[in-house]
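Trainee: Residues per chain are reported as follows:
2 protein chains.
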Amino acid sequence: MKSAHIPRATIQRLAVYVQVLETLLQEGDSVISSDGLARACGVNPSQIRKDLAYFGEFGVRGVGYYVQDLLTAIKQSLGIDRTWNVALVGVGNLGRALLRHGIFRRRGFILVGAFDCDPFKIGEEVAGLEVVCSRRLKEKVSELEIEIGIITTPPERAQRAANYLIEAGVRGIVNFAPARISVPENVAVEYVDFMHHIFSVAFNISINQSKGLS
Amino acid sequence: MKSAHIPRATIQRLAVYVQVLETLLQEGDSVISSDGLARACGVNPSQIRKDLAYFGEFGVRGVGYYVQDLLTAIKQSLGIDRTWNVALVGVGNLGRALLRHGIFRRRGFILVGAFDCDPFKIGEEVAGLEVVCSRRLKEKVSELEIEIGIITTPPERAQRAANYLIEAGVRGIVNFAPARISVPENVAVEYVDFMHHIFSVAFNISINQSKGLS
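Order-wise, the sequence lines are chains A and B. Heads up: the first sequence is residues 1 to 214, going by the UniProt record's numbering. Heads up: the second sequence is residues 1 to 214, going by the UniProt record's numbering.
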């Protein structure tokens, strides 16, 4: 069922669907109407039906969706029905916060290694992990079976961190550093860019004010 | 020059252009070719020309772009050529990391208030700010001229934090909590969702593996 042709925008929305479906399960809801799911996810019903159609026939006429089945199917399609071992490079304020953040583990992404090149940080324990020198990534990636790297270095060190990860055999990177990085074609990169969200909010406030909406 | 018709995807890319242009300025580059800018931003040249066309005629034939002029124009259009006062609600690990993160101030978003409802956190000083009870948001938003709120609470408290911010008159929210929030039409909301990025990386690694690319 896994398809390379699922559009990027659909994948973004799937993450929201996973979040909402998991909350429903926790609250003991086993069935949800397609309108209810759409409302909870903040998208329109026709969009949700279109997105879910990539994974097969899920809606049941007069019932809606079975929450657990739908969640399982989405997770299988995204390849997140198993756990992934993750390394974090850059143990600053943001890196520490992410190491301590429960959400990665809850969603199956296990932070198994913390790396930094600062000699004052190496050997320190953060969230149960000992900080290891970034130069040892290659050895550790193989030992700990790490598949994904998270970069939380200052921007000027992001490329070097990416190079270490790629040389070590990591094929997917989530970059929180405010810098573009170059990677080979076979490496998947995503940028978590706070600033575009805050820019967008500022822009929309200005627009709403000029429309007299506020 | 400000336009309500700039597409959302363009605004996302503008944040990258701002990042790259500021780095160029710091490095002393006053001019960049449109191909060079496209490469540095990781987009194709025709896309960048199309995006920048929303702000007027900037490219100079045979020269490219004047870095400072382009940066100023983009910032004016986004409404980020001035400073914005920002409140953060939820002083946990992630909240603390963001309060200490220099990038907001460098880009003109000044964190002027930190709020939490935990009595053990109220009164504590984080990054030079005293943590204040979330119930006092209304008074503080007016006193400190806060226009944007950042939510870093646990997911189950995100809606309450949003309600406090909106009652206090805040018209733009950046939500880092993994939960959807309901807001009136005149309030701009953006979600910073780590998980969709890490899902996307996992998905793309799986796709690349099935294509034999890794």
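Mixed in with the good hints, there may be bad ones.
Identical chains share a label here; the pair holds if one copy fits it or two copies do between them.
Listed below are the simulated SDA-like cross-link pairs for lysine to any residue, each with C-alpha atoms no more than 20 Å apart in a straight line [claimed, not checked]:
no. : residue 1 : residue 2
1   : K75       : K140
2   : K140      : E22
3   : K211      : I6
4   : K211      : I166
5   : K138      : R105
6   : K121      : N44
7   : K211      : I11
8   : K50       : F120
9   : K121      : R106
10  : K211      : R157
These are computed hints drawn from the structure, not numbers from a lab.
Trainee: None of the hints should be skipped; say for each whether it holds.
Mentor: Hints, verified against the model:
1. K75 - K140: neither (28 Å within a copy, 43 Å between copies)
2. K140 - E22: So K140 and E22 fail the 20 Å test inside a copy (33 Å) and across (36 Å) alike.
3. K211 - I6: between (36 Å within a copy, 15 Å between copies)
4. K211 - I166: between (48 Å within a copy, 19 Å between copies)
5. K138 - R105: Close neither inside one copy (23 Å) nor across copies (36 Å); limit 20 Å.
6. K121 - N44: Intra 47 Å, inter 39 Å, cutoff 20 Å: neither.
7. K211 - I11: Cα proximity of K211 and I11: across copies only (19 Å, versus 33 Å in one copy).
8. K50 - F120: neither (52 Å within a copy, 47 Å between copies)
9. K121 - R106: Result: close neither inside a copy nor across copies, 27 Å intra and 26 Å inter.
10. K211 - R157: Answer is neither; intra-copy 42 Å and inter-copy 31 Å both fail.
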